[in-house]
Amino acid sequence: MTITAPGTVTSSELLSVVASRELASRRTVFAGIGLPTLATELARLTVAPRIEVVYESGVCGAHPSHLPETIADAVIVSGAEAVLSMPALFGCVLQGGHIDVGFLGAAQIDRWGNLNTSVIGDWENPTVRLPGSGGAIEVMANSREVFVVMRRHNPRSFTGTLDFCTTPGPDRALAEGIRPLGAGVTRVITELGILARVGVGEELRLVAVHPGVTAHQVREATGWDLRVADTVETVPPPSEAELRLLREDVDPDRVYLR
Amino acid sequence: MTITAPGTVTSSELLSVVASRELASRRTVFAGIGLPTLATELARLTVAPRIEVVYESGVCGAHPSHLPETIADAVIVSGAEAVLSMPALFGCVLQGGHIDVGFLGAAQIDRWGNLNTSVIGDWENPTVRLPGSGGAIEVMANSREVFVVMRRHNPRSFTGTLDFCTTPGPDRALAEGIRPLGAGVTRVITELGILARVGVGEELRLVAVHPGVTAHQVREATGWDLRVADTVETVPPPSEAELRLLREDVDPDRVYLR
Amino acid sequence: MERTDTADGPSKVMSMKEAVAAFVHDGATVSIEGFTHLVPTAAGHEIIRQGRKDLTVVRMTADIVVDQMIAAGCVSRLVSSFVGNSSAGSLGELRRRIERADPAPLAFEEYSHYGMVCRYLAGSQRLPFYPLRSYGGSDLPGVNSDLRKVTSPYPGPDGEPEQIYVVPPVNPDVTIIHAQRADRRGNIQIWGLTGIQAEAVYAADKAVVVVEEIVEDEVVRSDPNRTLVPSHAVDAVVVCPRGAHPSFAQGYYDRDNDFYRAWSHISKDPERLRAWLAEWVYGTADHAEYVDKLGEDFWAGLAVGEALSEPVNYGRRL
Amino acid sequence: MERTDTADGPSKVMSMKEAVAAFVHDGATVSIEGFTHLVPTAAGHEIIRQGRKDLTVVRMTADIVVDQMIAAGCVSRLVSSFVGNSSAGSLGELRRRIERADPAPLAFEEYSHYGMVCRYLAGSQRLPFYPLRSYGGSDLPGVNSDLRKVTSPYPGPDGEPEQIYVVPPVNPDVTIIHAQRADRRGNIQIWGLTGIQAEAVYAADKAVVVVEEIVEDEVVRSDPNRTLVPSHAVDAVVVCPRGAHPSFAQGYYDRDNDFYRAWSHISKDPERLRAWLAEWVYGTADHAEYVDKLGEDFWAGLAVGEALSEPVNYGRRL
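Chain order of the listed sequences is Z, E, Y and U.
For the first sequence, counting from 1, position 141 maps to 140 in numbering that gives the first Met the number 0; every step adds exactly one.
For the second sequence, counting from 1, position 98 maps to 97 in numbering that gives the first Met the number 0; every step adds exactly one.
For the third sequence, counting from 1, position 318 maps to 317 in numbering that gives the first Met the number 0; every step adds exactly one.
For the fourth sequence, counting from 1, position 82 maps to 81 in numbering that gives the first Met the number 0; every step adds exactly one.
Okay, chain Z solo, but in the shape it has when bound:
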């Protein structure tokens, strides 16, 4: 557990707060465990009081007594509004088009928001075997938009060429004649700032930096020739109110606020 000095904001806190703000006005979120949990729970207390988290495990409308440790934790089942089978969850809820925002992570992301979670190296003989898609391919194809939260922003993760495209954005799908439902990745939130794109045909662009970070630094940390918005905003630092809610109400035991 990290002991946080008053006034110091950890990377987890920063990413959670920034991601929570992006959830304003969103209704249904498909979230994994960790930073997405923190972001969503904080959003519920701030910008999106009626947000509903849908978990890959089948839980809708969770009312957890503790911060869940996995997407299938018993604490999200007890007292939930509904628990669905996986065919219903993936078929009706996700593929059916009921998810506004899906949260995804990745080992590698490219300029179009395509993701690799399968291998580093060659698929047949990988240097590192990663866990694979899980439900990521379906979250990307069927959510209206996807947010990616990446702790590390460096050229190996933000790469010009994926070692393997596990989870394609809509541009790759359309090139194959398959029409996905949503816009793909619209926000990438990192320790350096925020990349954004609106939808098909558009690359990720740098739209905001954290205080003290320059556009040049972000471009250096990115493995492709990153486009920069005409006006790059500075992300307002986490407010006292946001930090207090996050630290005292959302994750008082610092399960994910590492």
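Hints are not guaranteed to be accurate.
Among chain U residues calculated to face chain Y with C-beta under 8 Å, some are [unchecked claim]: (1) V238; (2) P310; (3) R316; (4) L317.
So the derived list for chain E, only partly shown, Cβ under 7 Å to chain Y, looks like this [said to hold, decoys possible]: (5) A71; (6) P86; (7) R128; (8) S132; (9) G134; (10) S156; (11) P167; (12) W223.
These stretches of chain Z come out as covered by chain Y in the derived footprint (C-beta under 8 Å, 3 or more residues) [stated by the list, open to error]: (13) 61 to 67; (14) 95 to 102; (15) 131 to 140; (16) 202 to 208.
For the record, the hints were derived by calculation from the structure and aren't laboratory data.
For clarity, every value in this text was computed on a predicted model and none was experimentally measured.
Every residue gets a Cβ at the ideal spot worked out from N, C-alpha and C, and that includes glycine.
We have chain Z already, so just place chains E, Y and U on it with the hints.
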């Protein structure tokens, strides 16, 4: 309600008893309401003690307190072993291949065991609009064999040419290149006797007659040139034990023993 | 009525009048599901009262409520897999329409039960089609051009290419179902026969759920597996006790088998059918009046006993 | 053990040893399901004890039990959509096999979660394929030739022909799942997360269900909607309390999150992994010994509270 003189056997009783005997050694039966209910319940008390009835409404392992009035009667739900959704019932149980015998009725049947339950006359401008398939098309395509119980045996119902083929047997399906799971209709039980076929490529043949009925009579009552087995058995009349069970235990209120 | 918003979101509770006015429009495709159990009859009657026209009704078992809606002039097209009065006889109005276009024709799309189930599965899962092992050799594809075939990209059991029939999705403008209970925000719980209701709701653009009763959030949340449809898929919750009559609601009231038998006679005679609608639908302001008119003695005849489920433990770590 | 036949049919209750011996054969395709909840770990351990070889394991979330079975030399092929130790780290043995063929290669078929779900749906419904709106633009079809495309026979939203990916059915020789309770004939009740267990059972030729407890028929029949798998689809019922550890059983015991974290370290070191198997699997005669070895204090740490479902009424007419 029919008042039955002792010693007199009604047509419903006869058909139920004969059908029940055919269920010997069968495990799972997909049954509608009426004569199939009587036949199955009697078989449970005689030749097939462990028979399981699966109802189109989703009920498996019913333990009804009363004889059900519909396939969705509350009395088959209370105390049942399982109630499934219709996708599970039709998809996993029926199409999945778990049904040994399906019971079907029809307005018209032809020599191959193809059935019409849609229209008398032309489909676009019918003389009589019948209820349609219900689940019959699926029962025929996916049960290992199908029993048909028909009260009336006459050339209009046993027809050379169906006005419309709602529910095809496997011969018609194979002619179109579609391979059904089961054998189609293997038994037709009527007030005159029993027609049977083994499977693909074979017509229905007269294999048994009720006492006092001749093969000639059955051929006259059939709208096609009915083949007759080399040896036509005489159906043993309902035994006292069978009748007692049927009248006293299965349907004491004579709900279906009209 | 319970219109108060809850801590977790807005109440979706509204009156039947409001729900039908808001979500059932002239010319709409309306799915009405409930397989013998939980037939949303009261909703059908309110559609009749409000005089909706030119509806396409999608319903696996087109039964009494559909015959009534057709007789009231609400329906121009029917999509169904069973057009009959259960095992109790015929639907007089439907047969006159189809057999003699009397007093007007009715367009009819004929399916089998599983064909309809698969249309809802495709609709709810946003699939372009759903495959099923039926229809080979049937005359139905000859009269329903939406029954089509696909060649599997995997070899069949004999190593040769394999063909299979498929059905297209159905995506109604609105689906109406009846349920035993819900919370105010529309988490819907059903037990006993659950049929195709969940998929019919997910397939639709809007969903209206009529319930026997609203319960507190804690009741629903004590048993989340019992929630057949989560609130995110529901647009209106209408409280309408006994709203499934003459169908039944397991644990609430039994099926009115006498009325099913009576309907074959009522519907056979157009005059009698009109008189029935005049008295029981147009002549009642809402379903509460219809229920009162039947009288308490009548309802006592449909009373059910008690057969409570054993509880299960959803407990989590301490 | 409860081996008595019941009035309605034969008991399917048998020991884990008997069930694995009867239904899991060398070279078989074995599906092991349970999505984080109700992972049939004890069954995996018995497969290890009996020294099964050359298995094809089908499992959406290949996690600790799969890593253990691979390490014990039981598995030659894996079909999965997530090969990781939940969010707690890596599977050491699996990574050594795939990254370095150390000590032997492992054939791997990679899917996404819904791809696996659809394979079970196709398998359970006896369909030649199942369509899904995934995989367009992914590199997965390039390394998995079973991901194929079909052209819909209905025009797409733009009026042009529409293509969609499909997956083939999976039909395991045997599916093994863990459940909270069953009756002696194998009517299986599960609550909390139900995952893909029902479809995995229906897709299989044989099904073994491990349960926390056998209950009387009346308990099951008091709540037939809770039966996830009816007895006609089940071949063996194995009573094995705490048999899902380190996974959890809602209402029975919590997840052992510490062990998940520990496994990343244990499995990273082949020596340590072998020692762990020697002590906890080969060194225990059965799961009862494993449970005893962990000790009552340990189990007290995974205890759960009580959160009982409110009953519903299944009452029928009087």
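Coverage claim, chain Y over the stretch 131 to 140 of chain Z, checked by counting residues with Cβ within 8 Å (three needed): violated (count 0)
Restraint outcome when R316 (chain U) is required to lie within 8 Å of chain Y by C-beta distance: This interface hint holds because 4 Å falls under the 8 Å limit.
Supplied contact hint for P310 (chain U), tested at 8 Å Cβ to chain Y: Holds - the Cβ of P310 (chain U) comes within 8 Å of chain Y, reaching about 4 Å at its closest.
Chain Y contact restraint for P86 (chain E) - C-beta distance below 7 Å: holds, 6 Å
S132 (chain E) as an interface hint toward chain Y, with CB separation required under 7 Å: holds, 4 Å
Status of the S156 (chain E) interface restraint (C-beta, 7 Å, chain Y): violated, 18 Å
Restraint outcome when W223 (chain E) is required to lie within 7 Å of chain Y by C-beta distance: With a closest approach of 18 Å, the W223 (chain E) hint is violated.
Given coverage of the stretch 61 to 67 of chain Z by chain Y, tested with a Cβ cutoff of 8 Å and a minimum of 3 residues: holds (count 3)
Assertion that chain Y covers the stretch 95 to 102 of chain Z - criterion: three or more residues, beta-carbon distance below 8 Å: holds (count 3)
Hinted contact V238 (chain U) with chain Y - closest CB pair below 8 Å: violated, 18 Å
Residues of the stretch 202 to 208 of chain Z with Cβ under 8 Å from chain Y, three needed, outcome: Violated: only 0 residues of the stretch 202 to 208 of chain Z have a Cβ under 8 Å from chain Y.
When the least beta-carbon distance from L317 (chain U) to chain Y is tested against 8 Å, hint result: holds, 5 Å
The structure fails hints 1, 10, 12, 15 and 16 (numbered hints given earlier, in ascending order).
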